[in-house]
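Let's have the full structure, built from the sequences with the hints guiding it.
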Amino acid sequence: MLAGTNRISNLLSTSLAIAAAFTLTACESSTQAEKTTLIGPPAEKIVADGSSTVYPITDAVTKAFRNTPEGAKAEIEVKFAGSSAGFRRFCAGETDISNASRPILKEEMAI
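Oh and the sequence shown: position 39 is 39 in my numbering, straight run, nothing missing.
Hints listed in this document are in silico derivations from the structure and should not be mistaken for laboratory results. We put the CB at the ideal spot given by N, CA and C, even for glycine. You may find that some hints are simply not true.
[Stated by the list, open to error] Derived lysine-lysine pairs resembling BS3-like cross-links, with alpha carbons at most 30 Å apart:
| id | residue 1 | residue 2 |
| --- | --- | --- |
| 1 | K73 | K106 |
| 2 | K45 | K106 |
| 3 | K63 | K79 |
| 4 | K73 | K63 |
| 5 | K63 | K45 |
| 6 | K79 | K45 |
| 7 | K79 | K106 |
[Said to hold, decoys possible] Label pairs and their in silico Cβ distance ranges:
| id | residue 1 | residue 2 | range |
| --- | --- | --- | --- |
| 8 | P103 | N67 | 27 to 33 Å |
| 9 | A72 | I104 | 28 to 34 Å |
| 10 | K106 | N67 | 22 to 28 Å |
| 11 | K63 | E107 | 17 to 23 Å |
| 12 | S52 | A92 | 35 to 41 Å |
| 13 | M109 | T68 | 30 to 36 Å |
| 14 | P69 | E44 | 26 to 32 Å |
| 15 | C91 | R66 | 36 to 42 Å |
| 16 | P69 | R102 | 31 to 37 Å |
| 17 | E107 | A72 | 36 to 42 Å |
| 18 | A110 | P69 | 21 to 27 Å |
| 19 | A85 | K45 | 17 to 23 Å |
| 20 | P56 | G93 | 22 to 28 Å |
Right, dumping it as structure tokens:
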């Protein structure tokens, strides 16, 4: 039972972090957004890959974000190659977000 609880806790933590990242822009008032100066150009595309367990949550958050004015302009690609493959792609700079159903291993960080 404890393993199931940990899995749900990890899944919830990951989904909340992803939801927060995608909704931060949506929470700004239009006045504040008009005063904001971009440091660099916005990403042409946001790519997330990794855990198939986390995929449904990331996909749902992405769809919800696309229904906002800011999200309608965003190009977001969500894939599910598995946690290990997602970590490899993230560490290689191929993705912006790594979905995972487990912590990254030190060996994976060294890639």
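* To do: Against the structure, test the hints numbered earlier, and report the numbers of the ones violated in rising order.
  => 1, 10, 11, 12, 14, 15 and 18
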